[in-house]
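**Q** In order, the protein sequences belong to chains A and B.
For what it's worth, the working numbering labels the leading residue of the first sequence as 1, then goes sequentially.
For what it's worth, the working numbering labels the leading residue of the second sequence as 1, then goes sequentially.
Since the hints were derived computationally from the structure, they do not count as laboratory data.
Check before you lean on any hint, since a few could be wrong.
[Claimed, not checked] Each computed DSBU-like pair below joins lysine-lysine, with the alpha-carbon atoms no more than 30 Å apart:
#1 B:Lys117 x A:Lys18
#2 B:Lys129 x A:Lys15
#3 A:Lys18 x B:Lys124
Chain by chain, the residues:
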Amino acid sequence: MFHGLWALTNRELKKWYKVPVLLLMSIVQPILWMALFGRAMNIGALFSNPGVITGNLPPQVSQQLNQTLSILGNQIMEKTFGTSDYFSFMAVGMLSFIVLFTSMTSGMSIVWDRRLGFLNKVLTTPVARGSIIMSKVFSSIIRSLIQAAIILGVALLLGLRLGPAVSLINVLGVFAALFLLSLGLSAIFLSIALRSTSWESQMAVMNLLNLPLLFASNALFPINSMPDWLKAVASINPISYGTDAARQLLLYQPDMSRLMLDYAFLGGFAAIFATIGIILSWRLLSR
Amino acid sequence: MAKIIETEGLTKKFDNLTAVDHVTFSVEEGEVFGFLGPNGAGKTTTINMLTTMLKPTEGRATINGHDIAKDSAEVRRSIGVVPQEYTADEDLTGYENLILCADLYGINRSVAKERAKELFALVKLEDAKDRKVKTYSGGMRRRLELACGLVNHPKLLFLDEPTLGLDIQTRQATWDYIRTLKKEYGMSLFLTTHYLEEADSLCDRIAIIDLGKIVRTGTPKELKDSLGGDVIELGVSGGSNLTEELRRMPEIIDVRLEGGNKYRIKAKEGEEVIPRVIDIAKRLGGKVTKVSLTKPSLDDAYLEYTGKSMRQEEGGAAVWKQRITMRRARA
Ligand SMILES: Nc1ncnc2c1ncn2[C@@H]1O[C@H](COP(=O)(O)OP(=O)(O)OP(=O)(O)O)[C@@H](O)[C@H]1O
Ligand SMILES: [Mg+2]
Numbered sequence: 001m002f003h004g005l006w007a008l009t010n011r012e013l014k015k016w017y018k019v020p021v022l023l024l025m026s027i028v029q030p031i032l033w034m035a036l037f038g039r040a041m042n043i044g045a046l047f048s049n050p051g052v053i054t055g056n057l058p059p060q061v062s063q064q065l066n067q068t069l070s071i072l073g074n075q076i077m078e079k080t081f082g083t084s085d086y087f088s089f090m091a092v093g094m095l096s097f098i099v100l101f102t103s104m105t106s107g108m109s110i111v112w113d114r115r116l117g118f119l120n121k122v123l124t125t126p127v128a129r130g131s132i133i134m135s136k137v138f139s140s141i142i143r144s145l146i147q148a149a150i151i152l153g154v155a156l157l158l159g160l161r162l163g164p165a166v167s168l169i170n171v172l173g174v175f176a177a178l179f180l181l182s183l184g185l186s187a188i189f190l191s192i193a194l195r196s197t198s199w200e201s202q203m204a205v206m207n208l209l210n211l212p213l214l215f216a217s218n219a220l221f222p223i224n225s226m227p228d229w230l231k232a233v234a235s236i237n238p239i240s241y242g243t244d245a246a247r248q249l250l251l252y253q254p255d256m257s258r259l260m261l262d263y264a265f266l267g268g269f270a271a272i273f274a275t276i277g278i279i280l281s282w283r284l285l286s287r
Numbered sequence: 001m002a003k004i005i006e007t008e009g010l011t012k013k014f015d016n017l018t019a020v021d022h023v024t025f026s027v028e029e030g031e032v033f034g035f036l037g038p039n040g041a042g043k044t045t046t047i048n049m050l051t052t053m054l055k056p057t058e059g060r061a062t063i064n065g066h067d068i069a070k071d072s073a074e075v076r077r078s079i080g081v082v083p084q085e086y087t088a089d090e091d092l093t094g095y096e097n098l099i100l101c102a103d104l105y106g107i108n109r110s111v112a113k114e115r116a117k118e119l120f121a122l123v124k125l126e127d128a129k130d131r132k133v134k135t136y137s138g139g140m141r142r143r144l145e146l147a148c149g150l151v152n153h154p155k156l157l158f159l160d161e162p163t164l165g166l167d168i169q170t171r172q173a174t175w176d177y178i179r180t181l182k183k184e185y186g187m188s189l190f191l192t193t194h195y196l197e198e199a200d201s202l203c204d205r206i207a208i209i210d211l212g213k214i215v216r217t218g219t220p221k222e223l224k225d226s227l228g229g230d231v232i233e234l235g236v237s238g239g240s241n242l243t244e245e246l247r248r249m250p251e252i253i254d255v256r257l258e259g260g261n262k263y264r265i266k267a268k269e270g271e272e273v274i275p276r277v278i279d280i281a282k283r284l285g286g287k288v289t290k291v292s293l294t295k296p297s298l299d300d301a302y303l304e305y306t307g308k309s310m311r312q313e314e315g316g317a318a319v320w321k322q323r324i325t326m327r328r329a330r331a
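Just chain B, same shape as in the assembly (with noise of 0.2 Å):
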C-alpha cells in the first residue's frame, strides 16, 4: 500500500520553544492514523506544518507523495482540514459558507450544489442550513467544519480534535461518521484528540505525542499490549496454594498471593485464562469466591509514556475549550 503520509525529522520551533522535535512517522493510505496527547505537545503544530500552514524549520513531508514544502499547492489539493477552532464566516450561512469553501478549489457551481446537498445530508444540517453560523450551537458548527473539510472529497482528512466540546450523542455520531468516510469513500484520516476512547475506537494506529515527540507508535491493542497484560483477581476459599501450579501456564506472567486468599494474576488474554485458573483451583481443592478481570485500558498506556493521566487531561481539554469561547467572546 502506498503511504499518504510521511514525514521525517519534522522539526518547528518558534524561538526557543521546540513545539515539535524530529517527529518521523508515516500513514498508509485508508488508514485512521491519531496522535493522541496532552496541552501543548505538538499535535496541531504538526497539522499545521502538513496542511502547509507553517513552514517546518526541520525536516522534510510528503502528502499524497508532494512535499509540502515544494508542492504546497497540489499537497492543498488534496487534503481537507477541519483546525481545532472554528473557521467558519459567521455572518454567512452555513450553505453561503459551504458554496464558498467549495469555490476556493475551484469546483464548479452545479457540482459544489450537489456537494453541498451530499453533505448538508451526512452532517444532518438540512434545517440549519439557511441560518447564519451565527445562531449555530457549537456541535452544528463543527459538522459545518466537517462538512466544508470535505467538500473536495480530499484523499485525505485532516481532523484536530474532531470531538471537542460535543456532547455524548453527537461525539458519537461524529465517531460513526467518520468511519462512514473511511469505509465509503476510501478516506485516509489523520486526527488529534484528548479523549482515549475516541483513539480506542476510531484509529488504526496512534502515535503518543508528548513535549513535541513521538514516544510511542502501534495499534490500541499493542499500545495496550505493552504494558504487560490483563490482570485477574481471584478470591479462593480453602484447599493448598494454587500460585505454583498456576505459574507453570505459559500465558501467565506473575502471580502474587495478597492477603491469605486473593490471588493478583497478571496473564496474556486473560478471558481464555480464567477458566483454566477456575479448574486449577478447584482441582487442588479450593473454592472459587470472586474472580474479576482488569483490560489495561489506553489511560494506562497513556500514564506510562507520558507519565499524565488523562484525567488531568480531560480537564485540559475542559479550559481549552472555554479559552476558545473566551477568545471569541473577546474578539
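So that you can see chain A by itself, here it is in the shape it has in the complex (with noise of 0.2 Å):
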C-alpha cells in the first residue's frame, strides 16, 4: 500500500523537478510581492522618515522633531507589526503565501489526472484510494516547503532581518508550522477537485479564494488592526495561525502559549482535512 503512496508521489515530484520553469514561476509572485510591498512601498517608510511640516522651523527644532517623530513611528511600528521593520514582517507572510498558492494548485492535478486518463489506470490497481489523495497532499507539501526554503533565502538576501535568538530548532519549526498548513490546505482543495473533471472549474476556485485567504489573514497586516467582521474571518483562517508561528520564531522573542496554540490548531485543522480528503477519496472516486 506505501508502494503505490511513494510512487504516486514520486510520479508528480519528477513531473514538477523535470520542469524547472514551474519552479520559477511559482516563486516569482511572492519575491516581486516582497519588492513592491515590503521594499518600494514600505509602510514603515512612513514613519521613520516623516519630513513633513519641517519646513519653516528653524533647523534645530525640525530635526529634534523630526527625531522624535521617527521614534514615536517605530513604536508605534513595533506596537502594530510587533517589529519596527514592514520589510520582515512581510516578508514572512510571504512563506504562507507560498504554500497557500502551491496547495491550491494542487486540486488542478488531480483534474488534470482524471482528464488525461491517468486517474482511470491507478484506479484499476490495487492502489488504495486514500494514497491517491494523499500521494498529492505529499507532493505538494513538499514542493512547498521547498519553495518557503527558497523564498526565506532570498529574503534574508534582501533583508530580513531575524529576531535575536533565532536557532536552527525555530527555522525547523517554522517548517512544521508550514508543513502542517500545507497539509490542510492541499486536502481542503484537492476534496474540491476530487469528483471535477473542469479544470476551468477549478481555477475559478482558486481565482476566488486566494486573494480573499491571503488577506483574511494576518499574512500582510496584523489581525489586532481589523475591523471586528475582518478580524473573525482571520481568527479562524489558518494561514494566520501557520504566519504567526512563523513569526514567533522567526522575527519576535518568542511566545511559548501562542506558539502552541499556533502549533494545536495548525494540527487539527491538517489532521481533520486529511481525514475528510481520504475518507471522500473512497466515496468519490469510483463512482
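Reassemble the complex: the two chains are provided individually, in unrelated frames, and hints are given to aid placement.
**A** Rendered as C-alpha cells:
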C-alpha cells in the first residue's frame, strides 16, 4: 500500500522538478510582492522618515521634531507589527503565501489526471484510494516547503532581520508549521477537485479564494488592526496561525503559549481535512 | 473449467439512461471473449464495472471468484486493464510509465525491471522506451498501454477496443500478440471491438450487445450459422429444371430459380454441397456456366441482431477516435 503512495508521490515530484520553469514561475510572485510591498511601498518608511512639517521651522527644532516623530513612528510600528521593520513582517507572511498558492494548485493535478485518463489507470490497480489523494498532498507539501525555503533565502538576501535568538530549531519549527498548513490546505483543495472534470471551474475556485484568503489573514497586516468582521475571519484562517508561528520563531521573542496554540490549531486543521480528504476519496473516486 | 468472469443481471443506470441493462454472461478460464456492439452500446460501461471503476446499480459479478463489490482489492490484483482511452503519463518516458505501473501493483523493483525488459521486447518499443510518451505515435501509445496492462501478469486482461485507430499492420501485430498471450500465459481475455474481422478471428465466443442488452451470445461460427447457411449461386444452361432434385438433398435448405437459368441455393456446408450440385446438373443434361459461394459474414449476423450495419459503425469508430484526439488536444 505504501508502495503505491510513494510511487505516485514520486511521479508528481518528477513531473515538477523536470520542469524548473514551474518552480521559477511560482516563486517569482512572492518575490515581486516582497520587492513591491516590502521594499518599494514600505509602510515603515511613512513613519521613520516623516519630514513633513519641517518647512519653516528653525533647523534645530525641525531636527528634534523629526527625531521624536521617528521614535514615535518606530513605536507605532513596533506596536502594530511587532517589529519596526515592515519588510521582515511581510516577508515572513510570504512563506504562508507560497504555501497557500502551491497547495491550491494541487487540486488542479487531480483534474488533469482525470481528464488525461491517468486516474482511470490508477483506479484499476490495487493502490488504496486514500493513497491517491495523499500522494498529491505529500507532493504538494514537499513542493511548498522547498519553495518556502527558497523564499526565506531570498528574503534574507533582501534584508530580512531575524529576531535575537534564532537557531536551527526555530527554523525547523517554522517548517513544521508550514508542513501542517500545507497538509490541511492541499487536502481541502484536492477534496474539492475529487469529482471535478473541469479545470476551468477548479481555476475559478482558486482565483476566487486565493487573495481573499491571503488578505483575511495576518500575512500582510496584523489582525489587531482589522475591523471586527475581518478579525473574525482572520482568527479562524489557518494561514494566520502558520504565519504567526513563523513570526514568533523568526522575528519575535517567542511567546510559548501563543506558539502552542498555533501548533494545536494547525495540527487539528491538518488532521481534520486530511481525514475528510481520505474518506471522500474512498467515496468519490469510483462512481 | 473454472469461470473467470460471471455476471448476473449486471446493470448500470446513469440518471435516467440505462447504459447496461441486466447483463448476464460468463467467461471460462483461458477463453477470449468479445463484446461486439455499436457506439454507446454499453461496452465500456460493462468493463468499468468489471474492473471496479464503476459501482453497478444492480446485479452482481465475480472475477476470478472475487465479488467486484466486496473484494474489489482482490479483483484489481487479478486483472490487467487496457482502457479505451490513453492513460499513460505523457510527461514521463515509456519506461518510467511502466515501472510506475509495476509499483502500483507493489511489484518489487528487480522483478519490475525484468518484466519491463520482457514487455518492451514483446510490444517492440525497446528503441522508444526512454522517450517521453508525448512524442509517441498513436500506435506506440496503444502498445505501451498494452505493456502496462500486462505488467502484473494478470489472469484476466480487459482490452477496450485494443486496435482502435491502429493501421492494418499494427492491428495484425496486436492480434498476433493477443493470440500469443492466450497461448503462452494461459491468460483469459475480455475484449470489446467494433471490428468484425477482429471479433471473428480472435474470439472464442462473442456477445453482441446493443442498447445495454446482450442480444446474442455464441462462437463466431454459431452466430454465422444461426443466419441459415451459405448461399450458392449456380448458372446452368440447357437441361431440365434442377429444383426438385436439389430440394431432395438434406443439406439444402432452400432453392430459388432466378431469371431462367440462375439458381440461388441456401445450404449448410456450402463447399461440400457444390460438387454434388454440379453432378446433379450434369446428370439432368445441363451445363454449369457459373458457380459462386457466399459465406454469411459476421457483418450479416450483426445486421440481423442489432439492425445496424457495421459499415456505418466503422464510420462511428473513426468519429470516436477523432473525439478522443480532440479532447486530448483541448485538455
Ligand atoms: N459517466 C457517464 N454519465 C452518463 N452517461 C454515461 C456515462 N458513461 C457512459 N454513459 C452513457 O452510457 C452509454 C454507454 O456508454 P459506453 O461508453 O459504455 O458505450 P460503448 O459501448 O463503450 O461505446 P463506444 O463504442 O462508443 O466506446 C452511452 O449512451 C453513454 O452516453
Ligand atoms: Mg467504449
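**Q** Against this structure, judge whether each hint is valid.
**A** Status of each hint after checking the structure:
With a C-alpha separation of about 24 Å, the suggested pair B:Lys117 and A:Lys18 falls inside the 30 Å cut-off, and the hint holds. Distance check on the hinted pair: B:Lys129 and A:Lys15 sit about 17 Å apart at the alpha-carbon level, within 30 Å; holds. Taking the CA atoms of A:Lys18 and B:Lys124, the gap is about 27 Å. The hint holds against a cut of 30 Å.
No hint from the list above goes unmet by this structure.
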